[in-house]
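**Student:** Here is how the chains run, residue by residue.
Protein chains: 8
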Amino acid sequence: MDEARLRELLDAVAAGAVSSDDATRALRGLPYEDLGFARIDHHRALRQGVPEVVLGEPKTPAQIVAIARAIVARGDNLLVTRVSPDKARALLCELDGARYDESSRILSLEVSPPAARAGTVAVVTAGTSDIPVAEEAAEVLRLIGHAVVRRYDCGVAGLHRLLDQRDTLAACDVVIAIAGMEGALPSVVGGLVACPVIAVPTSVGYGAHLGGLAPMMTMLTTCSAGVVVVNIDNGFGAAIAAARILRGRS
Amino acid sequence: MDEARLRELLDAVAAGAVSSDDATRALRGLPYEDLGFARIDHHRALRQGVPEVVLGEPKTPAQIVAIARAIVARGDNLLVTRVSPDKARALLCELDGARYDESSRILSLEVSPPAARAGTVAVVTAGTSDIPVAEEAAEVLRLIGHAVVRRYDCGVAGLHRLLDQRDTLAACDVVIAIAGMEGALPSVVGGLVACPVIAVPTSVGYGAHLGGLAPMMTMLTTCSAGVVVVNIDNGFGAAIAAARILRGRS
Amino acid sequence: MDEARLRELLDAVAAGAVSSDDATRALRGLPYEDLGFARIDHHRALRQGVPEVVLGEPKTPAQIVAIARAIVARGDNLLVTRVSPDKARALLCELDGARYDESSRILSLEVSPPAARAGTVAVVTAGTSDIPVAEEAAEVLRLIGHAVVRRYDCGVAGLHRLLDQRDTLAACDVVIAIAGMEGALPSVVGGLVACPVIAVPTSVGYGAHLGGLAPMMTMLTTCSAGVVVVNIDNGFGAAIAAARILRGRS
Amino acid sequence: MDEARLRELLDAVAAGAVSSDDATRALRGLPYEDLGFARIDHHRALRQGVPEVVLGEPKTPAQIVAIARAIVARGDNLLVTRVSPDKARALLCELDGARYDESSRILSLEVSPPAARAGTVAVVTAGTSDIPVAEEAAEVLRLIGHAVVRRYDCGVAGLHRLLDQRDTLAACDVVIAIAGMEGALPSVVGGLVACPVIAVPTSVGYGAHLGGLAPMMTMLTTCSAGVVVVNIDNGFGAAIAAARILRGRS
Amino acid sequence: MDEARLRELLDAVAAGAVSSDDATRALRGLPYEDLGFARIDHHRALRQGVPEVVLGEPKTPAQIVAIARAIVARGDNLLVTRVSPDKARALLCELDGARYDESSRILSLEVSPPAARAGTVAVVTAGTSDIPVAEEAAEVLRLIGHAVVRRYDCGVAGLHRLLDQRDTLAACDVVIAIAGMEGALPSVVGGLVACPVIAVPTSVGYGAHLGGLAPMMTMLTTCSAGVVVVNIDNGFGAAIAAARILRGRS
Amino acid sequence: MDEARLRELLDAVAAGAVSSDDATRALRGLPYEDLGFARIDHHRALRQGVPEVVLGEPKTPAQIVAIARAIVARGDNLLVTRVSPDKARALLCELDGARYDESSRILSLEVSPPAARAGTVAVVTAGTSDIPVAEEAAEVLRLIGHAVVRRYDCGVAGLHRLLDQRDTLAACDVVIAIAGMEGALPSVVGGLVACPVIAVPTSVGYGAHLGGLAPMMTMLTTCSAGVVVVNIDNGFGAAIAAARILRGRS
Amino acid sequence: MDEARLRELLDAVAAGAVSSDDATRALRGLPYEDLGFARIDHHRALRQGVPEVVLGEPKTPAQIVAIARAIVARGDNLLVTRVSPDKARALLCELDGARYDESSRILSLEVSPPAARAGTVAVVTAGTSDIPVAEEAAEVLRLIGHAVVRRYDCGVAGLHRLLDQRDTLAACDVVIAIAGMEGALPSVVGGLVACPVIAVPTSVGYGAHLGGLAPMMTMLTTCSAGVVVVNIDNGFGAAIAAARILRGRS
Amino acid sequence: MDEARLRELLDAVAAGAVSSDDATRALRGLPYEDLGFARIDHHRALRQGVPEVVLGEPKTPAQIVAIARAIVARGDNLLVTRVSPDKARALLCELDGARYDESSRILSLEVSPPAARAGTVAVVTAGTSDIPVAEEAAEVLRLIGHAVVRRYDCGVAGLHRLLDQRDTLAACDVVIAIAGMEGALPSVVGGLVACPVIAVPTSVGYGAHLGGLAPMMTMLTTCSAGVVVVNIDNGFGAAIAAARILRGRS
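Protein chains in written order, with numbering that gives the first Met the number 0: chain A, 0 to 249; chain B, 0 to 249; chain C, 0 to 249; chain D, 0 to 249; chain E, 0 to 249; chain F, 0 to 249; chain G, 0 to 249; chain H, 0 to 249.
FYI, nobody ran anything at the bench for these hints, they're computed from the structure.
As the structure is a prediction and not an experimental result, all values here were calculated from the model.
Glycine included, every Cβ here is placed at the ideal spot set by N, Cα and C.
Just to be clear, a hint being listed does not mean it is correct.
What the hints assert, rightly or not - If the Cβ cut is set under 7 angstroms, some of the chain C residues that face chain B in the computed set are:
no.: 1; residue: Ala14
no.: 2; residue: Val17
no.: 3; residue: Thr217
no.: 4; residue: Thr220
Please work from the sequences and hints to get the whole structure.
**Tutor:** Have a look at this one:
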């Protein structure tokens with residue numbers, strides 16, 4: 000239930016088109032719905048302007064299905080992240096109308112198409128192997144309603160590949176800079192653009208890379224002022240941060 | 000040299016009030032000025048909308064004075080962070096018109112008062128001991144031109160202290176949430192507000208706190224979607240990130 | 000052999016109903032029974048009021064069966080934790096009367112139903128994925144004889160989900176607060192209730208979460224005074240700690 | 000303001016001895032008092048049965064004095080932990096009636112003597128150098144009203160030193176086991192007693208001891224079921240945990 | 000080739016029973032034999048009194064077979080550690096006369112029975128799951144010629160299980176104390192006996208146990224003077240250290 | 000496209016044998032070719048004298064094939080590192096003329112044989128299990144055109160195995176010293192030779208070895224002046240570093 | 000009280016030269032003496048053959064004096080390690096007959112000269128800066144009664160400095176190998192000698208050396224079989240380990 | 000004694016100008032001179048082409064003076080690194096002709112001016128605060144005889160500051176790239192030049208920077224092929240590595 004649908008409902012009540020009882024029933028789930036093993040935060044869309052997103056990885060298919068049905072039952076779009084191909088196959092059987100995007104590992108079910116929002120986000124990666132994290136961010140942003148510009152494999156070891164994108168990046172409202180290995184990309188991007196830069200370290204690398212801790216430390220200690228960081232491989236978090244930033248734009 | 004002053008200069012050239020030669024001389028320092036031991040990025044104000052800020056801690060007083068004079072000589076405001084009281088005393092003797100703020104440890108020299116900018120930032124701390132980091136953020140924001148709302152000692156162990164500020168926080172455009180110890184504050188704040196939340200871990204704590212690594216990890220692994228993180232004690236970085244976010248607001 | 004059964008035996012000896020020889024034989028196993036590869040601590044029930052619990056994970060099925068038979072042979076209830084479904088299948092064939100609880104991964108064999116004990120324990124989780132750890136704690140408590148109140152998916156990012164449980168928690172004697180990700184839940188719970196709070200970090204998370212080290216550090220550095228911590232995923236340990244605390248209650 | 004004083008006040012109102020206005024004024028500070036840089040949680044005593052304790056280490060003397068005066072002004076006892084001798088000297092000049100205990104580094108001001116509470120706590124250390132942490136715990140417990148039994152230098156390398164205390168420990172309601180170096184003490188104590196054992200790692204040690212992380216890990220991974228852990232050197236936290244545990248005892 | 004066989008060969012030369020040429024040929028392999036991918040140190044037995052032992056884990060079956068044949072060809076006994084059951088099956092087909100011990104994961108081929116050596120070694124474990132490491136140590140010691148006394152599952156949480164072994168341990172010349180979880184066993188053993196104590200941390204545990212780093216730190220920071228430590232799970236290293244210690248005994 | 004082929008092309012243009020249009024077409028790909036998911040740096044060979052090498056491990060077979068075809072289409076030799084046997088099988092079907100070297104896990108496709116370059120590189124390993132990393136380095140060097148001398152299993156525990164190679168090493172221009180376990184080899188080699196020594200830690204080891212961090216730390220803190228280090232298992236990086244060093248030799 | 004003095008006392012009782020009462024009084028202190036803040040283990044000398052040694056670093060001068068007097072009062076030699084020069088000055092005033100050795104930082108008071116014991120220990124260091132740790136080991140060994148051979152600054156970067164000592168080391172019964180920086184020395188020494196090698200990492204180094212963790216890891220993961228390790232800078236522990244090893248020698 | 004002086008001496012012997020006895024005396028110190036606490040490696044200059052350099056930090060002034068005199072006595076130039084200003088003052092009094100360079104913290108005594116060697120080294124820093132490490136490298140290179148080009152404060156956050164130096168860097172034979180904070184500089188430099196790049200992480204930074212571990216990890220996991228790394232703040236090591244690389248150049 001997002002703000003638009005809430006207003007619609009209340010207008011209908013005011014106009015006598017919907018009875019108080021029915022409106023109450025519709026709103027009863029708020030602030031959350033208790034499934035026993037999960038409490039679904041239906042009014043997050045209302046409170047924060049982004050839908051409740053389900054982190055699929057640690058949940059069983061049965062848990063996901065139950066949560067998904069509760070969300071869809073309220074008329075909200077469904078977004079499940081970190082769904083393995085195997086789990087996706089099981090879920091697609093249970094959830095009519097759902098679709099699975101293999102590169103982002105996102106399973107979604109769009110009850111209604113997301114309304115377009117102001118603000119374009121550039122999603123840039125250092126390497127080819129960082130693309131799944133980038134696609135997670137891009138797909139989440141698409142479902143929220145933002146335009147996305149993708150620029151992949153722009154690592155700083157071949158600087159011209161990044162410098163060529165300078166004008167493109169400068170024209171965006173937020174840049175999400177994604178890098179594994181040593182994670183130097185956001186430092187350089189942060190110096191090239193004036194808009195907010197959200198850095199995402201990835202687990203792509205080996206040895207001293209420590210599963211992504213090395214680029215994470217790189218990004219947190221950046222000499223590029225004002226670059227902010229989210230958790231390793233957290234494309235979803237970067238997208239939501241971008242949506243929070245752009246929420247005030249018209 | 001910020002955008003306003005640049006435009007003024009170019010208008011003057013267009014109007015014949017300033018000769019091309021003089022304008023060239025004024026702009027010659029761009030893109031940076033080489034002091035031998037430092038390259039001052041005078042046009043960062045132009046490129047990114049925030050002044051070049053000097054990290055005072057690892058520099059000698061002599062280095063700071065030289066850099067400060069080069070900045071002031073171009074008509075820019077000066078902002079030096081992490082200046083110890085001892086070092087401040089030495090610098091105040093050398094830099095006429097400078098002032099030192101002990102709680103934020105910032106030394107500044109305002110050639111002209113900062114122009115007010117749209118966007119209010121809430122600076123919230125979990126404890127009393129996190130205040131120096133908060134003041135660093137607040138003072139940097141003030142010098143950039145943003146309004147700041149301070150709410151200190153709102154840690155989650157006494158939740159009512161934070162919940163009382165809910166309306167205040169909801170009315171701001173960005174929240175900077177600062178916490179040492181276990182660093183849980185930004186997770187809770189992230190659930191209360193819809194605007195961007197910048198989390199700053201601090202080095203206040205002991206034992207398993209690991210000099211701030213524990214709250215840093217807490218903040219990076221937050222279950223509050225879209226909360227972003229900067230380095231430990233990096234009040235300055237949080238302020239610049241807020242300024243980048245608010246740059247697009249009118 | 001617990002205290003009640005010991006007293007019963009000794010009374011029977013005093014009353015002449017059991018010969019000294021038979022009593023000796025019954026007690027001979029004390030203080031422990033040596034199986035060669037394991038020394039079973041039969042009198043722990045006597046000494047500490049909780050049965051000897053077998054950590055199933057690193058043991059072979061053959062080892063578990065041998066230990067289980069020795070425990071049951073003395074008339075004690077059996078409790079094996081961290082049993083994988085595969086291993087459980089093998090054990091159920093060998094141990095008549097045993098039952099396996101998939102969500103807690105506990106295999107138990109109740110020779111006699113556990114006597115009810117004073118003291119109710121609330122088991123609270125931050126997320127849905129923390130439930131297996133919670134169920135391990137709850138099942139161990141049930142077998143010791145304590146009442147358990149479950150409240151799952153109450154993470155601090157949607158604070159109202161937790162605040163709604165405030166009265167329930169306040170009515171309990173001990174709270175076990177279980178959280179993965181950033182582990183902020185016990186800090187907030189610790190501020191809401193006056194009873195002992197046992198924090199359990201879980202391995203649910205990724206990246207900077209470090210397999211549970213991040214929430215563990217969070218909980219150890221909590222600003223909520225008097226919150227205590229057990230090892231990552233150690234639902235069993237939290238339950239025994241609760242039982243130790245409640246042992247003095249009548 | 001603790002529960003007893005609250006009831007007294009309300010009785011006086013009921014009896015007409017105190018006007019509603021005066022009672023309101025007395026209660027107005029609740030739930031907390033805002034000093035600008037600190038929010039003092041006066042009703043924690045009410046909520047949790049333990050007084051608000053000030054962590055002295057990271058605060059300036061001026062901050063401590065202001066907080067102390069606000070606490071004392073409400074008739075509550077004052078307890079400041081981790082006060083260095085230098086800072087103590089400054090505070091004793093400002094706070095009439097305060098006393099400083101050098102071995103526990105606690106500064107206290109007892110407006111009224113703490114009422115005795117049921118429950119005795121054993122405070123045991125592995126070495127001589129762990130005594131300051133033990134004294135912090137013991138002094139906090141004394142000010143809350145619990146009896147304390149001290150047993151110091153009982154490390155496991157000379158096991159007879161610990162085994163001699165077995166009967167003493169068995170007679171207590173809670174054991175706080177404090178150890179630096181390898182931190183093995185709580186594992187052994189946990190096997191000797193049936194009551195709750197709170198383990199406190201200390202920063203006493205060197206090399207692989209890692210400032211207390213080694214004994215902390217030791218204690219968290221203990222094979223002694225039900226031993227719980229607090230942060231390194233956190234004698235205060237252990238004492239509050241013990242007080243929470245004993246709160247239900249009569 | 001060990002010292003006894005060398006002396007025998009030289010005596011035969013002196014007696015004219017073996018020609019210089021044949022002796023030279025026999026000794027030619029010294030100091031090592033180059034297989035291209037491996038250099039086998041045949042005279043280590045001579046230099047150090049222990050046979051060259053092959054670490055089987057990271058090597059391919061083909062590499063092990065080639066090395067094994069070179070060792071056996073010189074008349075030395077073969078000892079391969081850390082051989083998985085699968086790899087063992089393949090090796091047993093290729094190496095006539097070899098035998099595989101599943102609990103220690105050692106594959107051996109005894110050309111001649113090991114000569115008995117002075118000195119008995121106690122191998123003690125804290126838990127049942129530490130047995131594979133203990134068996135690795137015990138089997139290596141057996142093949143070197145030392146008597147071994149096994150005492151398993153003597154963890155410090157049930158101290159009587161260890162104290163019962165005090166006389167047995169006191170009668171041995173070296174104690175190898177093996178423990179996972181918190182690794183407290185060697186600290187206690189070190190206080191009970193006067194002989195050398197070699198501590199072996201194991202990877203048995205979870206969470207804060209960090210794959211064995213926690214007990215390793217425990218053992219290195221022990222307050223039991225003179226306890227020495229080898230790498231995690233390194234039963235082999237502990238056995239060789241014991242053999243070095245006992246080498247001087249008659 | 001390397002420098003030789005570039006000069007040839009330009010000479011042909013100068014001689015009229017190739018039209019400007021054709022030359023332009025040939026050079027058009029510079030500075031990189033955009034495949035959407037990857038930007039291939041064709042002129043790296045020109046800029047740095049080494050071909051673009053593809054890190055195969057984190058890429059899908061489809062991505063590798065697409066990149067490989069783009070490289071080969073320009074007439075460059077192809078070199079893909081860290082290709083698993085399974086992936087290799089798939090790639091060999093798609094890429095005519097490719098060959099796979101199992102011990103180095105390198106897949107290559109030589110359009111033209113590499114031209115010999117001045118400078119011999121010694122590749123030395125401490126153990127047999129370090130050979131795959133060594134072969135990666137050796138194979139990359141061979142494809143660049145350098146002579147390679149292999150010396151394997153020369154660990155410092157049997158020093159004579161290394162000292163025997165002293166003259167061989169002294170005759171080389173660069174030594175790549177590769178070691179897992181404790182990683183002491185480069186320290187000793189660094190003292191034996193005067194030429195550059197590139198140290199490569201490997202992931203061969205267990206326990207305190209920490210996946211290669213231990214030998215990496217060993218090598219970085221070496222007392223052998225001038226030894227330099229690359230990432231764990233990074234045979235490729237060591238080879239390129241050697242090639243950079245030898246680039247100036249004639 | 001060591002074994003010799005005990006036998007002497009009992010013989011005197013048997014001969015009627017000492018009354019039972021006097022003997023009882025002399026032995027009453029056993030097994031330990033309780034000073035309140037310390038429990039002195041007087042019969043450790045009896046149990047383990049080495050005197051009780053006081054770790055001076057974390058104790059106050061007053062604590063050391065009290066413990067020292069209790070030890071000397073029983074006729075035992077006193078040995079205090081890690082005494083800073085400042086603390087030593089204070090102690091020398093209080094303890095008649097004590098002497099302080101600045102290089103080992105040991106304060107000792109020899110009631111009677113240590114009896115010579117069989118077994119010579121080589122103490123070898125990699126660098127000049129490791130000498131204080133070496134001297135701590137050497138001085139402890141001297142006070143126990145063992146001969147010590149010192150060989151300093153034999154690091155592996157200049158291998159000939161170590162190889163020159165090969166015969167000397169081979170003639171010793173135990174080698175203590177001490178190294179900071181990368182800690183490679185014990186690996187090489189372990190391959191040169193057949194006797195026990197005790198490795199001591201030191202805190203001499205910087206950067207990736209991590210306060211001694213790097214050489215500690217090096218030593219624990221050594222490929223030199225049978226090398227054992229003690230804590231960083233723990234010269235004392237190495238000496239006691241050597242004494243334990245040599246205890247069985249005649 | 001370097002190669003030139005050795006040849007000169009031998010020529011003089013051949014010519015009869017120097018007697019064998021005198022030559023023997025001159026060479027007697029080889030291979031090292033034993034001062035008891037130090038073994039000076041006089042022929043390292045011969046073996047490796049670089050003088051023995053003394054690491055001043057962990058040594059006492061008396062030790063440095065003794066070593067210095069032994070080096071100068073043989074006619075070699077003296078180079079002591081990491082000398083604090085205080086220590087320098089003491090040393091300058093003792094060592095005639097010595098000079099101290101405060102920015103590099105190097106104390107040197109040039110018996111004869113260093114002969115010029117082929118090869119220019121660029122020393123580049125990311126920030127102003129990295130200069131002391133850079134100066135250590137530059138001064139060591141100067142004393143070995145190489146030309147040095149300094150480029151300071153070229154961090155990647157203001158990329159134009161670095162790109163401006165591209166031609167300068169391309170004209171050098173080796174680049175030493177020094178950076179604290181996130182350490183991204185060498186990754187970018189590695190992509191700009193074809194010559195060897197030696198990366199030096201520095202301890203300049205705070206928080207997640209971990210005393211230099213963060214930039215060290217960054218540099219080791221660089222995506223810029225062939226960049227090599229030395230220890231944190233190890234300007235000296237980088238210089239010697241550069242000298243090893245350039246040794247083969249004419």
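**Student:** Each hint needs a verdict: does it hold in this structure or not?
**Tutor:** Status of the hints after comparison with the structure:
1. Checking C/Ala14 against chain B: minimum C-beta separation of about 56 angstroms lies over 7 angstroms; hint violated.
2. At about 53 angstroms, the closest approach between the beta carbon of C/Val17 and any beta carbon in chain B exceeds 7 angstroms, and the interface hint on this residue is violated.
3. Here the hint on C/Thr217 is kept, as its CB sits about 4 angstroms from the closest CB of chain B, short of 7 angstroms.
4. This hint holds: C/Thr220 has a C-beta 4 angstroms from the nearest C-beta of chain B, less than the 7 angstroms allowed.
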